[in-house]
Every structure is written in structure tokens, then in C-alpha cells.
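A.B. asks: Next come the chains, spelled out residue by residue.
2 protein chains.
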Amino acid sequence: MDSPYLKLLINFSMAHSLEKMPSGESISFVICQGVPMSLLANTPNPPYYAVIFTSTRTEGDHGYGEMANRMVELAEQQPGYLGVESAREDVGITVSYWADLESIKSWKANSEHLEAQKAGRKSWYESFKVRISKVERDYGI
Amino acid sequence: MDSPYLKLLINFSMAHSLEKMPSGESISFVICQGVPMSLLANTPNPPYYAVIFTSTRTEGDHGYGEMANRMVELAEQQPGYLGVESAREDVGITVSYWADLESIKSWKANSEHLEAQKAGRKSWYESFKVRISKVERDYGI
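Chains A and B, in that order, are what the protein sequence lines are. Residues in the first sequence are numbered consecutively from -16, following the working numbering. Residues in the second sequence are numbered consecutively from -16, following the working numbering.
Worth flagging that the hints you see were computed from the coordinates, not collected in a lab. The C-beta atom is built at its ideal place from N, Cα and C for all residues, glycine as well. Treat the hints loosely; a few may be bogus.
Okay, the calculated bits of chain B under chain A, using three or more residues with CB under 8 Å as the criterion [to be verified]:
| # | stretch |
| --- | --- |
| 1 | 21 to 29 |
| 2 | 62 to 76 |
| 3 | 86 to 97 |
Taking lysine-lysine and the DSS-like style, the derived pairs with C-alpha atoms no more than 30 Å apart in a straight line are [stated by the list, open to error]:
| # | chain 1 | residue 1 | chain 2 | residue 2 |
| --- | --- | --- | --- | --- |
| 4 | A | Lys112 | B | Lys88 |
| 5 | B | Lys117 | B | Lys101 |
| 6 | B | Lys91 | A | Lys112 |
| 7 | B | Lys101 | B | Lys91 |
| 8 | B | Lys117 | A | Lys117 |
| 9 | B | Lys105 | A | Lys112 |
Using the sequences provided together with the hints, build the complete structure.
C.D. replies: As C-alpha cells, this is what we get:
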């Protein structure tokens, strides 16, 4: 149960099953054992865009965790969304991938996202930087 | 002493003072209290380049921690290097910033870095992705 793949699969299953379950029906999870889902974003061949968001947090949560989860959920529904990768230690880094600049612009202007951006500037972030970049080449294993 | 700023300043001072100190001389640190150094990379106005390196690790260290520190130290000495940001949870993300593609190419071909890349493929990473991207716009607080 310590495998990050399994954790992700369970999180994924919960997020995508619970809200679609009709009231009273029993909940079952299908875990695809032996088929590890990659934690890295499965992006298409370049070119595509990366939004590199780096930040340092203020002290305390102040609703941050809930908002961060909601923003990922919301971003996934946007046209042109290709994936996201995120980690936080002293610095938080979230890289989201997008098909084109138009998709990034629409996501930035999303009304719920605008509220989160406002709260981010006011309460959650001590500092942040957003970098809009065009991925020209990629490789990996 | 828990402030990440202070930790960074001490690490910075140690790294940059110890090797330059003539033998027998006493060591003193100057900590710039009240002037927090940002943990985010202090990049110039765009355009510049970002290398987005994301990975998942294999189990155990196998010399990884030492190599990772050495690679940051080495990258900082490369021409065209502009800064780095790094965090790891389930996924590790390291974004390094560079003046141009030529600098990235030289860094990739650095002999000590080539050794690390080979060991990375063989032992340290379960999966990784390198994305070379051109930063077109940035903003922040």
C-alpha cells in the first residue's frame, strides 16, 4: 500500500467514482494491479506549452489545501489541458501543460480560478512566479 | 533557526566560504538578517529557457543525494546558468533556467554531468522526462 502508483490509483478512483455514484448504491474500486500509471504527465509530442508556477507559502493552511485540489480538478476540465506535475518542499512547483496559449488564457480567466488567484496573492503565498513557456523538445524513460 | 531563508543563507555561506578560507584562518558567517533571500530563481526578463526535469525515484539512495547536490554546484558554474528551483514529493521536479539553447547543450555535454545522466538512467530513476522550453512571459510577487 506504500506504492505511489497505488495511492494515485485510489485517489483517482475516489475522485472519479464518488460524485458519480447514485445515492444508496454500493461503492467498489477497480485497482488495475500490475499496470502502473505514470505519475509524470503523459504529454503529446512538442510543441505544447508549460506553465511553471513556483511559490513559497505563508504559515498555516487557511483553506489552501482544499483550493489546490479543487484547482487541479477544475483545470482537468479545461479545453487544451494536457496534464500536471506538482511537488512542494521549501519551494512549491506546479507545472501544468497546455495545447496552446489560448487554453492558458481561458484557464487564467476562469471565474473560480480568478477567486483562487486573488486569495493566493492576499493570503496563501509569500512569493510566487508564473512562467509561460513553450516546450520545444522532450525526452525521457 | 527554522526559517528556510536562514537555512539557505547558512548553506550558501558555508558553500562559498569554506573552500576559499586560507588554512588556519577563523571562519565567520555574515547572516543578512531582515533581508530574506528569495528561494525562487531570480531570472531576468524573458525570453530565456527552462529545462523542466521531472522524475520518480527507485528505492534507496545509492549515492543519489550526493550526486544531486554536486550537479547543482556544477550547474551554477556553467555559462548561461540563470537559476534553479527544486522539490520532491511522489514526483521530483527540478527546473533549471538558462540564457539560451547553447548553454543547455554545453551543460548536457559536461563530462561529470554525462556520468550522472548514465547513473540516473541505470539506477536512480524509475522514470523521468526532460522538457526543454522557452519562457515567453513571466509575472509574480
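A.B. asks: If a hint holds in the structure, say so; if it does not, say that too.
C.D. replies: Cross-check of the supplied hints:
1. Here the stretch 21 to 29 of chain B counts 6 residues with a CB under 8 Å from a CB of chain A, which clears the bar of 3, and the coverage holds.
2. Check result for the stretch 62 to 76 of chain B against chain A: holds, 9 residues qualifying (beta carbon to beta carbon below 8 Å, three or more required).
3. Check on the stretch 86 to 97 of chain B: 0 of its residues sit with their Cβ under 8 Å from a Cβ of chain A, so the three-residue criterion for coverage is violated.
4. The hinted pair formed by Lys112(A) and Lys88(B) meets the criterion: a straight-line CA distance of about 26 Å does not exceed 30 Å.
5. Taken as a hint, the Lys117(B) and Lys101(B) pair is honoured in the structure, with Cα atoms around 26 Å apart against an allowance of 30 Å.
6. Under the criterion of a C-alpha separation no larger than 30 Å, the hint pairing Lys91(B) with Lys112(A) is consistent with the structure, at around 26 Å.
7. Note on Lys101(B) and Lys91(B): the hinted pairing holds, with a Cα-Cα distance of about 12 Å set against a maximum of 30 Å.
8. With a C-alpha separation of about 5 Å, the suggested pairing of Lys117(B) with Lys117(A) holds against the 30 Å cut-off.
9. At roughly 34 Å between alpha-carbon atoms, Lys105(B) and Lys112(A) are farther apart than 30 Å, so this suggested pair is violated.
The structure fails to meet hints 3 and 9 from the earlier list, while all remaining hints are met.
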